[in-house]
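Chain by chain, the residues:
There are 2 protein chains.
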Amino acid sequence: MEERAISQAIIKRLPRYYRYLGELIAQGVERISSNEFSKLMGVTASQIRQDLNNFGGFGQQGYGYNVKNLYEEIGKILGIDRVHNIIVVGAGNFGKALAGYSDFERRGFRIKALFDRDPSKVGNEYNGIEVHPISGMKDYIRENNIEIVALTVPKAAAIEIAQQLVDTGIKGIWNFAHTDLKVPKDIVVENVHLSESMMRLSYNIVNRGRGAGRK
Amino acid sequence: MEERAISQAIIKRLPRYYRYLGELIAQGVERISSNEFSKLMGVTASQIRQDLNNFGGFGQQGYGYNVKNLYEEIGKILGIDRVHNIIVVGAGNFGKALAGYSDFERRGFRIKALFDRDPSKVGNEYNGIEVHPISGMKDYIRENNIEIVALTVPKAAAIEIAQQLVDTGIKGIWNFAHTDLKVPKDIVVENVHLSESMMRLSYNIVNRGRGAGRK
Numbered sequence: 001m002e003e004r005a006i007s008q009a010i011i012k013r014l015p016r017y018y019r020y021l022g023e024l025i026a027q028g029v030e031r032i033s034s035n036e037f038s039k040l041m042g043v044t045a046s047q048i049r050q051d052l053n054n055f056g057g058f059g060q061q062g063y064g065y066n067v068k069n070l071y072e073e074i075g076k077i078l079g080i081d082r083v084h085n086i087i088v089v090g091a092g093n094f095g096k097a098l099a100g101y102s103d104f105e106r107r108g109f110r111i112k113a114l115f116d117r118d119p120s121k122v123g124n125e126y127n128g129i130e131v132h133p134i135s136g137m138k139d140y141i142r143e144n145n146i147e148i149v150a151l152t153v154p155k156a157a158a159i160e161i162a163q164q165l166v167d168t169g170i171k172g173i174w175n176f177a178h179t180d181l182k183v184p185k186d187i188v189v190e191n192v193h194l195s196e197s198m199m200r201l202s203y204n205i206v207n208r209g210r211g212a213g214r215k
Numbered sequence: 001m002e003e004r005a006i007s008q009a010i011i012k013r014l015p016r017y018y019r020y021l022g023e024l025i026a027q028g029v030e031r032i033s034s035n036e037f038s039k040l041m042g043v044t045a046s047q048i049r050q051d052l053n054n055f056g057g058f059g060q061q062g063y064g065y066n067v068k069n070l071y072e073e074i075g076k077i078l079g080i081d082r083v084h085n086i087i088v089v090g091a092g093n094f095g096k097a098l099a100g101y102s103d104f105e106r107r108g109f110r111i112k113a114l115f116d117r118d119p120s121k122v123g124n125e126y127n128g129i130e131v132h133p134i135s136g137m138k139d140y141i142r143e144n145n146i147e148i149v150a151l152t153v154p155k156a157a158a159i160e161i162a163q164q165l166v167d168t169g170i171k172g173i174w175n176f177a178h179t180d181l182k183v184p185k186d187i188v189v190e191n192v193h194l195s196e197s198m199m200r201l202s203y204n205i206v207n208r209g210r211g212a213g214r215k
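Protein chains in written order, with our numbering: chain Y, 1 to 215; chain H, 1 to 215.
Keep in mind that the hints are not guaranteed to be accurate.
If chains are identical, the list can't say which one is meant, so a pair holds when it fits in one copy or spans any two.
Stated by the list, open to error - Below, computed lysine-lysine pairings styled on DSS-like, alpha-carbon distance capped at 30 angstroms:
1. Lys-76 <-> Lys-12
2. Lys-185 <-> Lys-76
3. Lys-155 <-> Lys-68
4. Lys-39 <-> Lys-171
5. Lys-76 <-> Lys-155
6. Lys-171 <-> Lys-121
7. Lys-12 <-> Lys-39
8. Lys-39 <-> Lys-121
Just so you know, these hints were derived from the structure itself, not from any lab.
Bound conformation, chain Y alone (with noise of 0.2 angstroms):
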């Protein structure tokens, strides 16, 4: 694979493919045109082409795209064809919500422990992850290979608790905390922002009529 930095648009759409891919091999499809994978996307046969050439194509004139092999292609891209372990800090409700998704399990998330500093929630169990003191979060980092935290508490110990994390040695930061997070370059920081989401969800809806929806 050629030694390129690919933009986070493409990167945005890959999982997007990826799921819809999915979809098609469960529902039995072996294999589709450009065209029909395009109209089912929304994107154009172009567009998917020029995305898929940055890993190398994949696509064959005349026969389009083997679905389960470009699936697992895209896959490995994503790096989900391995195990990432992850814990959560916070076991509020989005924190359970997350510990009871079991759709990451089938992607390679796997969620191995709960944090929390409330010593009453310690020792809970939900989906069968455990809530362990907050004050031990380090260590088990170290012991369990611990790859992602997810961050589902508020803002300042969201950022307290980043600091805390720089050195373990983690690789990334799932955060849900309503800030953006200072770390070195060498943790990567995912954020999910739903009063954003929010906002965007407003804006479009308030400027229906301008163009809103433009991408």
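With chain Y's structure known, arrange chain H on it following the hints.
Positioned in the frame of chain Y, the structure of chain H alone reads:
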């Protein structure tokens, strides 16, 4: 304001500007130069100027931005200077988490009710918000001026409920289900696809060396 289409990229940045301006207000900052604001946001000053020029500017040469004024103006652009009534369909952990998210109320998003098909959940209250039977959803929407429906139900249920919503007069769907919803153009859909967010995180972890963070 000029009638023109605003790109979704700008619409993604506006809520972030809004969040930082809110933090500045909380800190008692009254005005900020475009350079300081740019540093704080990690975005170039010309980017900020360009973005805001789409809506008429707001900055003054030699003065910078009036923080409170810009905050209010962006709030108006985002349509959060007025109240949006919301219901949440699905009283599972995600639904409960949304009901408990007090941040929304502050920004003009008022969650009025939860709905669920499970009779054992009906009548429960979370953060003072009651769970209603799903059979009453359409009437409730019409009688309570509901503008936005958040769907925190599994994929198949989300597709089914989205169809029921088509003729209710709602303006937007906040979709947490792992599927794309097909609804008429006058209903805006904002997706929160957590699995896809997790896959982007995975990609960026696996490809850290390859310029994966490029915007």
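Right, here's what the structure says about each hint:
When the C-alpha separation of Lys-76 and Lys-12 is checked against a cutoff of 30 angstroms, the pair qualifies both within a copy, at 15 angstroms, and between copies, at 29 angstroms. Taking identical chains as interchangeable, the C-alpha atoms of Lys-185 and Lys-76 lie at most 30 angstroms apart only when both belong to the same chain, with a minimum of 23 angstroms there against 35 angstroms between chains. In this assembly of identical chains, the alpha carbons of Lys-155 and Lys-68 lie at most 30 angstroms apart only when taken from different copies (22 angstroms versus 41 angstroms within one copy). When the C-alpha separation of Lys-39 and Lys-171 is checked against a cutoff of 30 angstroms, the pair qualifies only between copies, where the shortest distance is 26 angstroms, while the shortest distance within a copy is 37 angstroms.
With identical chains, the CA atoms of Lys-76 and Lys-155 are at most 30 angstroms apart between copies only, with a shortest distance of 25 angstroms across copies and 33 angstroms within one. Taking identical chains as interchangeable, the C-alpha atoms of Lys-171 and Lys-121 lie at most 30 angstroms apart only when both belong to the same chain, with a minimum of 27 angstroms there against 39 angstroms between chains. For a Cα distance limit of 30 angstroms, the shortest separation of Lys-12 from Lys-39 qualifies both inside one copy, at 18 angstroms, and across copies, at 26 angstroms. In this assembly of identical chains, Lys-39 and Lys-121 lie within 30 angstroms of each other by CA distance neither inside one copy nor across copies; the values are 48 angstroms within and 40 angstroms between.
Hint 8 from the earlier list is the only one contradicted by this structure; the remaining hints agree with it.
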